[in-house]
Amino acid sequence: MTDSPRFDPRKWFGGRFGGHGGRLGMAFQDCGADWSELALPYAEALVGDPASGVIASGPILALMDVAASIAVWSKLEAFKAHATLDLRIDYLRPARPGQTVIGRAECYRITRSIAFVRGQAHDGDPDDPIAHVAGTFMAVEGYR
Amino acid sequence: MIPYGELLGLEIEPGETAPTLVMPFATDVIGRPGFLHGGAIGGLLEVAAIGALKQALEAEGGGRIKPINLTVDYMRGGRDKVTRARGTVTRLGSRVANVEAIAWQDEPDRPIAAARMNYLIVR
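Top to bottom, those sequences are chains G and S.
In this text, residue positions in the first sequence follow this note's numbering: the first is 1, and each later residue adds one.
In this text, residue positions in the second sequence follow this note's numbering: the first is 1, and each later residue adds one.
Just so you know, the hints here were simulated from the structure itself, not pulled from any lab data.
Incorrect hints may have been included.
Said to hold, decoys possible - Taking beta-carbon pairs under 7 Å as the criterion, some of the chain G residues facing chain S (in silico):
#1 P5
#2 D8
#3 Y42
#4 V47
#5 D65
#6 R88
#7 D90
#8 L92
#9 Q99
Said to hold, decoys possible - Which residues of chain S face chain G? A partial, calculated answer using Cβ under 10 Å:
#10 Y4
#11 V29
#12 L36
#13 G38
#14 G39
#15 E46
#16 L70
#17 V72
#18 Y74
#19 G77
#20 D80
#21 V82
Unchecked claim - Think about it this way: if two alpha-carbon atoms lie no more than 20 Å apart in a straight line, the pair counts; the simulated DMTMM-like pairs of lysine to aspartate or glutamate are:
#22 S:K66 x G:D128
#23 S:K66 x G:D90
#24 G:K11 x G:E44
#25 G:K11 x G:E77
Predicted model only: the values in this text are computed from it and were never measured.
The C-beta atom is built at its ideal place from N, Cα and C for all residues, glycine as well.
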């Protein structure tokens, strides 16, 4: 993997994201050998149900998509251009209004061209998750 | 429009069975340079699915909608173009609704992404 740029999310994102991630307010928290953790602070702009103040499900999907992507690069210890092939999310319960959502994803398998990921989101207590995610990514030019 | 729909920049085109949601290409919905963020495409599909379900529910006297799950297949990269999405209610039961949605840029038969969703209905 000497031909790929070394992956250091702290340098890459400086704790902040541009584009859609930046607009949602996503922030990098931490990552390890095969996982990453991001934060999504509560904001009025994310609300999907104005009557209750509960955020929409789309921002949680976006958070987990990015967390999963960083988990893949963390496991590779390199950056490889890839695209989400599919993402499935179970909404276990609504996120509590005002609470920061934490998304943690793990890459548990990488083949020549496909990376398999799973993860959970919570709003304060990891043992009381709000969402569960499973997905796959594909590297057009291969992961290895 | 809900605040999250405003964030995505969505406009609604009313339809006979379901509305079409229109999302312009803008910095706020970009992922890697020149392409839509997968999360924004997924969010657009969910708003389109809920729009279709609300329209179908209103014809039956209304009800509250709770999302159970969502599966998105990403088929093509979202380019620097307007994206449209529309939902189809495949089954509206007394307690559960099954909804599909597709997002496209040029032609509806060349989708950039498709989603299946299950919703709990509280009547």
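Structure-inconsistent hints, enumerated in ascending order
1, 2, 3, 8, 9, 20, 21, 24
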